[in-house]
Amino acid sequence: MTALLTKLLGRLPIGWLQLKHNKSRLAAAIAGVAFANILIFMQLGFLGALVETTKLPYRPMVADILISASDANTLSDGSNVARQRLYQALAVPGVADASPFYLGKFDWQRDNGTTVNFQVFGIDPTKQIFKDPEVDKARAQLQLLDTALLDRSARNIEPELAASIDGGTPHRFEANGRTLSAVRTFSIGAGFEADGYLIVSDQTFLQMYPQRTAGAPTHILVTVEPGVSPQTIVQNLRSAIPEKDIIIRTVEEAAAADEAYQTTERPVGVIFGFGVIIGVLVGLIIVYQVLSTDVADHLREYATLKAVGYKQSFFLSIVFEEAIILAIFGFIPGVLFALGLYDVLTSATGLPVEMTGIRAVAVLFGTSAMCLISGAIATRRLAGANPADLF
Amino acid sequence: MKLFNKDITQTSTAALPADQQGPIRIKGLNHWFGSGEARKQALFDIDLTIERGSLVILMGASGSGKTTLLTLAGCLRDVQDGSVQLLGQELNGADENVLVACRRRLGFIFQAHNLHESLTAMQNVRMGLDVHGPQARKDWKAPASHLLNLVGLGDRLDYLPGNLSGGQKQRVAVARALVGNPDVVFADEPTAALDKESGHQVVSLLKRLGTERNTTTLMVTHDNKVLEMADRIITMEEGRIVKDELPHR
Ligand SMILES: Nc1ncnc2c1ncn2[C@@H]1O[C@H](COP(=O)(O)OP(=O)(O)OP(=O)(O)O)[C@@H](O)[C@H]1O
Ligand SMILES: [Mg+2]
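These protein sequences, in sequence, are chains A and B. Note that our numbering gives residue 123 to position 123 of the first sequence, counting from 1, and the numbers run on in steps of one. Note that our numbering gives residue 168 to position 168 of the second sequence, counting from 1, and the numbers run on in steps of one.
Looking at chain B on its own, in the form it has when it is part of the complex (with noise of 0.2 Å):
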């Protein structure tokens, strides 16, 4: 099944270097809370690289440093100490411009939907396609129908959010996050609102674009029931990468 028709990425992302190596390379990464008495650090010395195409799942207790992990390997936060290398992008010290050229390639789904209230499901997902340029713009309502179509929401296009349930909102966010045909997604407990089957839709839908699209997806979850669909678990404790395995199936 063909998901996307076109590869809207391409106008944002010529500027940047191939990655041949994968696309999220990490070396040495620390990183700091605070400042001062308070300063605290919340990543220890993280070595890590995720190959193209994988799902990837982030395990650990509360406070392990899952989130900080992951915002700064999504552009979302800036690099202290380390190497983070993006797509072929060293993130440690880029510009501005280079952070948002890196962001148009990027799905993210946060545990909280993050929906604008004022539009509808389709129009938050048209918020994913928009920022691609022109084209993107005019052409967006193919492919945002059939992002939602995909969640399970076909029937729910014009909703506004007030009008949706929480697992509802948090797949239209998924929709949103997928409708660009990022290279990567980051999932920050994607499915924390979702029942169980619904959970299991999400993440299934994000190992099929592993497959079908090599879409490289991190995912911090603590849904055990979606593990056996990782190619690869990493456990975290206290700011460290404790483990690194591959599911038991």
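Extracted from the complex, chain A is given alone in its bound form (with noise of 0.2 Å):
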């Protein structure tokens, strides 16, 4: 290490074998760093499941616009859509089909105690809505009334449930007050709102709540032909339905915005980034503490070595090469001991948290940018002083 570090600083490794030479020093340094790592690594984990779980049910679904109601700003809260619209987009040139999209909630309290937070989708079972062949097999047993697929990708499903109902044996339930029968399943998975999904079709949705009509379903889905581009029926549906109550996005649009909602104007995306916020902050004043304990230790050597014509520079290259050391020495035990606390976090919440490359090396230049500013307030001390007077 001493002889790799003479090779790449060109000069002896001072702050290295500074660091070496107080070990218990060294390893609460380390471990500060890797704690600062470990609570910036869950938070951006939350983050990204957040994100993640944001986007899920955008994906499968085969639709190219969405036309909702302009008070959406997720794809489940704000006002209903009226019917009238989807006939209005099917006369748009250009557009293929036009269905309505229903969207509920269900708690499904299960004989086993455990409650499952549904989110329900009710579709038209003759038209094809979600990508999954899956689902697309089962539209004709959807035809009936009181069947439903269900997300085995959901909290508290256990495998076996699904296995059995894909092997042919119907689950029935009771939800707000019909029986509904599941007769297939496919896979979304759990976020932060819903603990998984339901599919049933747009006339079992009605039954399961009566309170909601035909005429104004949550969202009207817009598929347009083949070669056409959405974005130019996007702006051919704004022109052609020109009414303020209702939004016209592409699903990635809608999925965008939706995502930026949920991380920077919901309480949950705000306390995540905030605690990405906090996990720096701590880093800095554990980095900082360190360093300059360090640089006020050494403060005799340091002005003896300024007295011989050592410049400012060199002082901030052996704090800039503790720094270093301490980033990377930190973030090797924080990442290790983050990718364990994912496992965990996964396998108690069913919310995908996963470590990425790119967020990997961000957390490792964000920890080294942490370190360096903090080294660079640690040798201020030096700077300006009078030799004599650090003696």
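It should be emphasised that the hints constitute simulated quantities derived from the structure, not laboratory data. Glycine included, every Cβ here is placed at the ideal spot set by N, Cα and C. Worth double-checking, as some hints may not be accurate.
Below, a list of computed lysine to any residue pairs in the SDA-like style, where the Cα atoms sit at most 25 Å apart [unchecked claim]:
| no. | chain 1 | residue 1 | chain 2 | residue 2 |
| --- | --- | --- | --- | --- |
| 1 | A | Lys311 | B | Gln85 |
| 2 | B | Lys27 | A | Asn386 |
| 3 | A | Lys23 | B | Gly166 |
| 4 | A | Lys311 | B | Val98 |
| 5 | B | Lys141 | A | Thr232 |
| 6 | A | Lys311 | B | Lys27 |
| 7 | B | Lys138 | A | Gln312 |
| 8 | A | Lys7 | B | Ala142 |
| 9 | A | Lys20 | B | Lys27 |
| 10 | A | Lys23 | B | Pro134 |
| 11 | A | Lys311 | B | Ala112 |
| 12 | B | Lys138 | A | Lys131 |
| 13 | A | Lys311 | B | Thr120 |
| 14 | B | Lys138 | A | Leu5 |
| 15 | B | Lys138 | A | Ala388 |
| 16 | B | Lys27 | A | Thr232 |
| 17 | B | Lys141 | A | Lys131 |
| 18 | A | Lys20 | A | Ser292 |
| 19 | A | Lys311 | B | Lys40 |
| 20 | A | Lys131 | A | Leu8 |
| 21 | A | Lys20 | B | Asn163 |
| 22 | B | Lys27 | B | Gly93 |
| 23 | A | Lys23 | B | Leu157 |
| 24 | A | Lys7 | B | Arg137 |
| 25 | A | Lys311 | B | Val79 |
| 26 | B | Lys141 | A | Ser317 |
| 27 | B | Lys138 | A | Ala3 |
| 28 | B | Lys40 | A | Ala388 |
| 29 | A | Lys23 | B | Ser165 |
| 30 | A | Lys7 | B | Thr120 |
| 31 | A | Lys20 | B | Ala192 |
| 32 | A | Lys7 | B | Lys40 |
Every beta carbon over 10 Å from chain B, so not counted as near; a handful from chain A, in silico [unchecked claim]:
| no. | residue |
| --- | --- |
| 33 | Leu161 |
| 34 | Glu174 |
| 35 | Gln207 |
| 36 | Glu225 |
| 37 | Pro226 |
| 38 | Val308 |
| 39 | Ala388 |
Using the hints, put the two standalone chains together into the complex.
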């Protein structure tokens, strides 16, 4: 290590030798940086899971364009859309099809005592709404009243139940006073707002939610003709349906807007973002503490070096050397520990808390920057001082 | 005997003007510490010129201003009033770059050794060389071990300061101050931590540098045993030079 650093730096690696000399301080510093890393990774993990699960229900949609109420910030909030818009949309050239999309919530109280919080999708079973071939195959069954497709990736759905349903044994359960029959499964997965998803026909949906009417779906799904750009059709739809109570976006745009809303305007997203900042601050303070103590402890030595003509940049490079070493040495246990915690979280919550290469690299660079800033602050004391005043 | 085979200071000193009339020339130097009510004058109207290659000893009671004078002459403190010319360079009002260039031609030995606890004796001495640029950084081993041999630590090259006695540490500091082949050495009670013999050794080394390399030394000491080696003895009292004499030999 010393030889490698000597080669890299072209000078004696004083920073490393100093860190190595005081082993307990080095261990504490590494633990501190690792702790800050874990904190940041956790918050980023939650934030990533929020982003990922927000996009989940948009991804399997066949539709290109979503017509929603103008007050809809996410897929599930906002007012309903008048069915009349559906016919207006169908009249626009380039539109291949348009169908209603109903959304509701349903808490499944299971016999085993658990509750599964479902987001219910009501769809027109005569049309392909989801790309998933399993869902597509089950459309005929869905046309029967009170049948449902069950999200096997939902929280608290045991694999045995899903296997039995897909093996041909429908699962009957009570839903809003009706007896539904789950005839097949599909997969989307749990999010922050729902444990999973349930797909039913529009007819079944309206039976489950008597207060909802066929005249007011939650969204209208629009598919465009092959070879036509959805962007163009969005423009055409906007001029054909200029009413202010609706908003017309491609599915990607709607997903992106939902993500932005979840991460920047909803408390969970803001808290996770704030957590990242706290992690960075904790790291800054720990590293600053370590480096400034180190500078203070070696003030006389540095002053002696300053007295024979070493410049401020030299002292800065020593402290930067220490900062980078701490950043890297703290990152390694930090990322390993975070990986373990991600696994625990994923199995405990069913949320997709996953490490990505980009996130790991970003945190490593972020930590290094954090350590460098701390180092720069820690050496300020040396900068303007007369060597004689440092002894 | 040849102490140094390279003029390693050349690169950093080319910009400095030549010093013809003595490496240290002080005129009308006053110095104050503190401000407002607490402002207190530590030096009064000091005039002093020191010849090249001489070993000058500075004596005086505690608080008489010896360290203050030494640090002002050695670029370690900003000059407030009067003129200090070091190696031909006026220090009053000089900017940081000039000070850095000046400092690279100096060696310092302080009462405290100020060694890096994490560096070996050799590595500590190396720090006195590394400041002189890439060439010095490359060829550091021979001069560093040579200097440590000269101060009697040839068998302790790779010891950490923690494993050396106080006197041995001080001798490492001496080697560090001298390894860069300085034009002027400033020493503030360098022998205080040394036993009689090694104290004598260090001073004779400085003396020999004066004769062989024309190195100028300004040294504060209370040690009567080394007075006889001085070329000149200056005595201070309450911030003033009160005596300037040759030693009794
Ligand atoms: N940093 C400082 N701040 C305020 N006053 C100072 C400072 N350094 C020195 N002084 C004062 O200046 C005067 C001269 O101090 P100086 O250190 O030069 O004495 P000295 O001759 O080196 O003494 P000693 O033999 O004890 O080392 C003293 O009165 C001292 O109190
Ligand atoms: Mg003193």
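Do the hints match the structure? See the list:
1. The hinted pair formed by Lys311 (chain A) and Gln85 (chain B) meets the criterion: a straight-line CA distance of about 22 Å does not exceed 25 Å.
2. A distance of roughly 22 Å separates the Cα atoms of Lys27 (chain B) and Asn386 (chain A); the hinted pair therefore holds under the 25 Å criterion.
3. Straight-line distance between C-alpha atoms of Lys23 (chain A) and Gly166 (chain B) comes to about 24 Å, which keeps the hinted pair within the 25 Å bound.
4. As the CA atoms of Lys311 (chain A) and Val98 (chain B) are separated by approximately 12 Å, the hinted pair is consistent with the 25 Å bound.
5. As the CA atoms of Lys141 (chain B) and Thr232 (chain A) are separated by approximately 75 Å, the hinted pair breaks the 25 Å bound.
6. For a cut-off of 25 Å, the pair hint linking Lys311 (chain A) to Lys27 (chain B) is broken: about 28 Å separates their Cα positions.
7. Pair hint Lys138 (chain B) plus Gln312 (chain A) holds up; C-alpha atoms about 22 Å apart against a cutoff of 25 Å.
8. Distance restraint check for Lys7 (chain A) and Ala142 (chain B): the Cα-Cα separation of roughly 19 Å lies within the 25 Å cut-off, and the hinted pair is therefore satisfied.
9. A distance of roughly 48 Å separates the Cα atoms of Lys20 (chain A) and Lys27 (chain B); the hinted pair therefore is violated under the 25 Å criterion.
10. Restraint check: the Cα-Cα separation between Lys23 (chain A) and Pro134 (chain B) comes to about 31 Å, which exceeds 25 Å; the hinted pair is violated.
11. For the suggested pair Lys311 (chain A) and Ala112 (chain B), the alpha carbons sit about 22 Å apart, so the restraint of at most 25 Å is met.
12. Using a Cα cut-off of 25 Å, the hinted pair Lys138 (chain B) and Lys131 (chain A) is violated, with the two alpha carbons roughly 68 Å apart.
13. The suggested pairing of Lys311 (chain A) with Thr120 (chain B) holds, with an alpha-carbon distance near 22 Å, which does not exceed 25 Å.
14. A threshold of 25 Å between alpha carbons decides the hint, and for Lys138 (chain B) with Leu5 (chain A) the separation of about 15 Å falls inside it, so the pair holds.
15. For the given pair, Lys138 (chain B) sits about 30 Å from Ala388 (chain A) by alpha-carbon distance, which is inconsistent with the 25 Å threshold.
16. As the CA atoms of Lys27 (chain B) and Thr232 (chain A) are separated by approximately 86 Å, the hinted pair breaks the 25 Å bound.
17. Using a Cα cut-off of 25 Å, the hinted pair Lys141 (chain B) and Lys131 (chain A) is violated, with the two alpha carbons roughly 73 Å apart.
18. For the given pair, Lys20 (chain A) sits about 16 Å from Ser292 (chain A) by alpha-carbon distance, which is consistent with the 25 Å threshold.
19. Note on Lys311 (chain A) and Lys40 (chain B): the hinted pairing is violated, with a Cα-Cα distance of about 31 Å set against a maximum of 25 Å.
20. Restraint check for Lys131 (chain A) and Leu8 (chain A): the C-alpha separation of about 54 Å exceeds 25 Å, so the hint is violated.
21. Restraint check: the Cα-Cα separation between Lys20 (chain A) and Asn163 (chain B) comes to about 17 Å, which is no more than 25 Å; the hinted pair holds.
22. For the hint linking Lys27 (chain B) to Gly93 (chain B), the alpha-carbon distance of about 15 Å falls within 25 Å, and the restraint holds.
23. Restraint check: the Cα-Cα separation between Lys23 (chain A) and Leu157 (chain B) comes to about 23 Å, which is no more than 25 Å; the hinted pair holds.
24. With a CA separation close to 12 Å, the supplied pair Lys7 (chain A) and Arg137 (chain B) stays within the 25 Å bound.
25. At most 25 Å may separate the alpha-carbon atoms for a hinted pair to count; Lys311 (chain A) and Val79 (chain B) meet this at roughly 20 Å.
26. Our distance criterion of 25 Å between C-alpha atoms is met by Lys141 (chain B) and Ser317 (chain A), whose separation comes to about 23 Å.
27. For the given pair, Lys138 (chain B) sits about 14 Å from Ala3 (chain A) by alpha-carbon distance, which is consistent with the 25 Å threshold.
28. Restraint check for Lys40 (chain B) and Ala388 (chain A): satisfied, since their Cα atoms lie roughly 17 Å apart, inside the 25 Å limit.
29. A distance of roughly 23 Å separates the Cα atoms of Lys23 (chain A) and Ser165 (chain B); the hinted pair therefore holds under the 25 Å criterion.
30. Taken as a hint, the Lys7 (chain A) and Thr120 (chain B) pair is honoured in the structure, with Cα atoms around 18 Å apart against an allowance of 25 Å.
31. With a CA separation close to 31 Å, the supplied pair Lys20 (chain A) and Ala192 (chain B) exceeds the 25 Å bound.
32. Taken as a hint, the Lys7 (chain A) and Lys40 (chain B) pair is broken in the structure, with Cα atoms around 50 Å apart against an allowance of 25 Å.
33. The claim that Leu161 (chain A) lies off the interface holds: its Cβ sits roughly 63 Å from the closest Cβ of chain B, which is beyond the 10 Å cut-off.
34. Against the 10 Å criterion, Glu174 (chain A) stays outside the reach of chain B, whose nearest CB is about 72 Å from its own CB.
35. Taking the minimum C-beta to C-beta distance to chain B, about 78 Å, the non-interface status of Gln207 (chain A) holds against the 10 Å cut.
36. For Glu225 (chain A), the non-interface assignment is confirmed: its Cβ lies about 71 Å from the closest Cβ of chain B, beyond the 10 Å cut-off.
37. Every beta carbon of chain B lies more than 10 Å from that of Pro226 (chain A), the smallest distance being close to 68 Å; the non-interface claim holds.
38. Interface exclusion of Val308 (chain A) from chain B breaks down, the closest Cβ pair being 6 Å apart, not more than 10 Å.
39. Residue-level check failed: Ala388 (chain A) sits 4 Å from the nearest beta carbon of chain B, not beyond 10 Å.
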